[in-house]
Every structure is written in C-alpha cells, then in structure tokens.
Amino acid sequence: MSPSQRDALEFSFLPKDGAPPVEWRISDDLVPYETALAEMDDRVQGISSGEAGELVWLLEHPPLYTAGTRAQDSDLISPDRFPVYKTGRGGQHTYHGPGQRVAYVMLDLKRRKQDVRVFVSALEAWLINTLWHYHIRGERREDRVGVWVRRPERSQTAEDKIAAIGIRLRKWVTLHGISFNVEPELEHFSGIVPCGVSEHGVTSLVDLGIPVTMAENDIVLRAEFEKIFGPVVSSGSA
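Note that this note's numbering numbers the sequence shown so that position 94 is 79, with each residue one more than the last.
Just so you know, not all the hints are guaranteed correct.
Straight-line distance between alpha carbons at most 20 Å, and here's what the computed DMTMM-like set of lysine to aspartate or glutamate pairs gives [said to hold, decoys possible]:
id, residue 1, residue 2
1, Lys212, Glu45
2, Lys156, Asp26
3, Lys212, Glu201
4, Lys212, Asp2
5, Lys95, Glu8
6, Lys156, Glu24
7, Lys98, Asp2
8, Lys1, Glu211
9, Lys1, Glu209
10, Lys156, Asp60
11, Lys1, Asp100
12, Lys71, Glu19
13, Lys156, Glu211
14, Lys95, Asp26
15, Lys1, Glu19
16, Lys156, Glu36
17, Lys98, Glu211
18, Lys71, Glu24
19, Lys71, Glu45
20, Lys98, Glu8
21, Lys212, Glu124
22, Lys95, Asp27
23, Lys71, Asp58
24, Lys95, Glu36
25, Lys71, Asp27
26, Lys95, Asp2
27, Lys212, Asp100
28, Lys1, Glu36
29, Lys71, Asp26
30, Lys95, Glu211
The hints are simulated quantities; they were obtained by calculation from the structure and are not laboratory data. These numbers were taken from a predicted model, which means no experiment stands behind them.
All chains should be built: construct the whole structure from the sequences, respecting the hints.
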C-alpha cells in the first residue's frame, strides 16, 4: 500500500446508521456560475430543513475566476479576462472552466461528524485516492489546502496543484467543494495567483500524461467517494 493510500484510508466520513444514500448528479452542459450558486443555496436550505437529501453535483463552468473570503486584490492579475465572482467559500482566487471537474458537495455534518477540519481532510483523501488510481501520488500540505503533485523532472522542490478545495458551512450543511483538473486550459490560470500561491504551478491529469476523459474520471471519483463518504445513488445527467 502506498503512502498516499494510507493517508486516504485514515479518513472515514460515513453517515450514521439509517442515513439514505447521497444523490450523485452529473450535468453534461456547462453550468453558469450564478445558476449553480442559486441551485446550491436552495438545496442546502432543503437539506437543513430535512426536506431534501444530501447531494454531490458534478459539473463544468464556463471560464471564470472566483474570489474566496481571503482573496487579495493583488492576486487578480487579469481582472478583465473572464468574469470574476466573489463567493462565500473559504480560500482565495481560483479558476473554473471547461475540462475541470467541479464537485459541489452538500453534506449534512450533523448526520456524520461535526468537525470541519476532518471534513476537509476527507475531501483531500478522496482526491488523493482518485489520483492513486492513475498511479499519481497526490499529497496534502500543512500550509496550503488542496492536493499537490511533485514534479522532479523540473527540480527537487517543484510541485504543481492539481485540485483545489473551498468550502462553507450553513447550519452544519456544507456548500461548495472541490475542483479537479482533468484537461482544462492551464494557461487560463495565469490571470490569477491561484489560491495565493505564486511559487508553484498548476497541472492536470492530461498534462501529467493521463489521457482520461471527464466521464471516465467521474467513474473513479464516484468509486473513491463511496469508500470515504458512503453509498451514492445516481439521479442521472442534467
């Protein structure tokens, strides 16, 4: 077992006994950011009131930048390049666009474990296990949220970010989630300082030599999600 797998398997965020499966939804078309936020807000309200179940919503956005609660104006290098949205999630600036799998994770932590740090670690573990499916070692960093890949072909200290995490809680229900680079246009990240980190780069599965499609990677994401968070049930494509 690799160190990456050991890290991931330390985290179990399973629901309490009797909790229904998490709805697993995939949108085939690009989803405007405002549309996603509105639908996420409605669903989280429903989860909080007990009228709706937990949901993981997989989608892609048109090209855009988002600014989290800790975003610095100086990190927005090209403010006129793509639309910029201020958002209530944690973190700094990030890019979303075609070829990047965004997963909005709406879970009720009262049904699981009311520990935000463990939840973030579980999200990191989900991504690390997904990467290990391709024999890529993803790593977490104590001083930076997200998942990183070493690039020894460039230097001993070089590493790139392959996945970002930004979350928010409302009455112990989670909003926002993860973004995982499958095959986005990496040059689009040059309009910001991604997550406030300028000394490292950004990569993707295809950039690392893994010719995987979005649909193929979704299968891996689902399998690895279930190992940590419990069973899901597909609601079909939207």
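Item to check | Hints violated by the structure (listed by number, smallest first) | outcome: Of the numbered hints, 1, 10, 13, 15 do not hold.
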